[in-house]
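Fit chain D to the given chain Y structure using the hints.
Just so you know, the protein sequences line up as chains Y and D, in that order.
Counting the first sequence from 1 gives a position; this note's numbering is that position plus 24.
Counting the second sequence from 1 gives a position; this note's numbering is that position plus 544.
Hints in this document: simulated from the structure, not taken from any laboratory.
No experiment lies behind these values; they were computed from the predicted model shown.
There could be a bad hint or two in this list.
What the hints assert, rightly or not - In silico DSS-like pairs for lysine-lysine, Cα to Cα no more than 25 Å straight-line:
id: 1; chain 1: D; residue 1: K652; chain 2: D; residue 2: K670
id: 2; chain 1: Y; residue 1: K255; chain 2: D; residue 2: K652
id: 3; chain 1: D; residue 1: K652; chain 2: Y; residue 2: K247
id: 4; chain 1: Y; residue 1: K255; chain 2: D; residue 2: K670
id: 5; chain 1: D; residue 1: K612; chain 2: D; residue 2: K554
id: 6; chain 1: D; residue 1: K670; chain 2: Y; residue 2: K247
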Amino acid sequence: MTELAKKTENRGPIESAGGRQQTLGEFMGSWWDRIRAGDLGSLPIIIGLIVIVAIFGYLSDGIFFKPRNFVNLLLQMSGITAIATGVVFVLLIAEIDLSTAFVGAVGSVTMTLLLREGDANWPWWAAVGAAMLVTTLIGLLHGLIITRAGVPSFVVTLAGLLAWSGVVLILTTQYSQAGTIVIQNPVVKGVANSFLPAFWGWFVCVAVVLGYAATEFYQRAVKARQNLAVKPIQISLLQIIGLALITGAAVWYANTDRGVPVSIMIALVFLFFWLFIATRTRFGRYVYAVGGNPEAARRAGINVNSIRIACFMISSFMAGIGGIILASRLGSVSTNTGGGNLLLNSIAAAVIGGTSLFGGSGRVTSALLGALVIASVENGMGLMGWNSGVKFVVNGLVLLAAVLVDAYSRRSRASSGIA
Amino acid sequence: MDNQPVLELKGVSKNFGAVQALYNVDFTCRSGEVMALVGDNGAGKSTLIKGIAGIYKLDAGEVFFEGKKVNITSPRDTADLGIEVVYQDLALADNLDVVANMFLGREKMTAGILLNESEMEQEALKTLDSLSVTTIRSVRQAVAGLSGGQRQAIAVAKAVMWNSKLVILDEPTAALGVAQTRQVLDLVRRLADRGLAVVIISHNLHDIFEVADRITCLRLGQKVAEFIPSETTQQEVVHAITAGELDTVPGMVG
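Pulled out of the complex, with its shape left as it was, chain Y reads as follows:
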């Protein structure tokens, strides 16, 4: 018997023992176990995405697949991705934020008013900073009311939805008879109307893949040194190659048209920042703990209310980012800003991406996947020229499907002894 085998045998059946690497078979086995237990991860969404892309590709005679449309898709999903990233945090603590769309609108209107030439005429960074401050403070206000008064977030943010839409109306009509204020600042306009030059697109792609590979191998090394279980090398390589292929293909395809939009890069920078916060820091751990079992979190000495307030602040902050991206794309703000199905789409994106409405489970990256699905559907329906009625029905069905998958996976988790 080898030294290693002896060691593992002595350690008993705790898997994470003896510094051994799991075999591929073991890894796939436990992955399949999780799937069967209802822990579906990103599987339904990837299947759903393939189905949606196939349907619209077919219906639009391939126009859906054209590089030009792909870049449009990236532009369309940027705002939703940003807002949904914030929504994920609120969903993780088993709360909801119905005010995001209009909070984002308050942010973009604030920014636009401060940028008005011949009036406030602030520099772009000051106007954007002020808008972000305003939205973050709105989140703080929501969080304080929810935690101090013990009112359900559903009600507080519903009140917020009404009140902030009113604020948008008041501000826009105050400064413009028609209720539309054009953004003239070139930097802000450039957010959603400029593209990375081909070289920089590739540069980002290579940097992301190398960065991911480096952290992956560093973690493997640390774990191996400390005799902890390491996932099979094949899986690590597969993940790195997969990431390289997907980002590489996306950059290449976008470059055959106008290039990678700056707006999606902004959304992704924030998304990865919050992903880091959620997975690597104490705060992120506490967010999951509060979502999973607030009482356990409280007894562990975690200040549950502070975590809650912080999550509402993140939600409003990201709503502000999304609001600015969307306003930049339109080139103006108006009485309609933040209206329509933006709110529902941003929540749907988080849920479709795999973040549970019941709290405690989901990843920040689900915002990206979900936004991709939502934007694909919107984009495809736009290409087909379907009328608004049909669009609403389809949007509703997509959201319903996502919630059903969530409920189903939760139920099968429960019946298999998980949760």
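Leaving out everything else, chain D in the frame of chain Y:
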């Protein structure tokens, strides 16, 4: 067994308004010993535990920890002394893995802001190993997927990881099947064998006779008897629980 008690309560009382939940109770537990706390519903077991845990403030009496008089006013005080309480609901976050649960609120960090996952994983494994908890397949699986006995083991391991000297278990076997009860009782025994003082609350006299070194019996807020399992019978204990002699009749207290 005449080592110094880890925890000694002398004449503690607690009342909630007109209700005398504890009256003049003495209670001791020693290192390496499992002390069982028994009594009918409403006998004051939970009140006593919560008094030790710092959730309730005891109205009268003295508490000595390792021979020194201490004043417990909050759960923090208890934790600082090295007393850990495992409540019946265990307080585990189902969505977090075993390691995250064991370190919840006391995470180890690198560079100040990053979670030091590998160090936490190693320490968790070490603790589980030392308690011979070997039925858990991976410490990286979510607690949700564990059985009742395994969850109890995690909660106990979490409690003993912090150099605690006294572990209090509130009905650790109440919701468990036969095999899992077995595991937990073995675990309780191992804790005492490691030199910890263990207090276990249970309604199951069979379990208690199996694992306890001594039994304190409460009735209507008063301590009515203390037994050594090898020198008594279950009938005797049941008699004490249901009809033990009281110093004072409740309601007549001056």
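We went through each hint and held it up to the structure:
Proposed proximity of K652 of chain D and K670 of chain D is supported: the alpha carbons are some 15 Å apart, at most 25 Å. Distance check on the hinted pair: K255 of chain Y and K652 of chain D sit about 22 Å apart at the alpha-carbon level, within 25 Å; holds. Distance restraint check for K652 of chain D and K247 of chain Y: the Cα-Cα separation of roughly 16 Å lies within the 25 Å cut-off, and the hinted pair is therefore satisfied. For the suggested pair K255 of chain Y and K670 of chain D, the alpha carbons sit about 20 Å apart, so the restraint of at most 25 Å is met.
With a C-alpha separation of about 13 Å, the suggested pair K612 of chain D and K554 of chain D falls inside the 25 Å cut-off, and the hint holds. With a C-alpha separation of about 15 Å, the suggested pairing of K670 of chain D with K247 of chain Y holds against the 25 Å cut-off.
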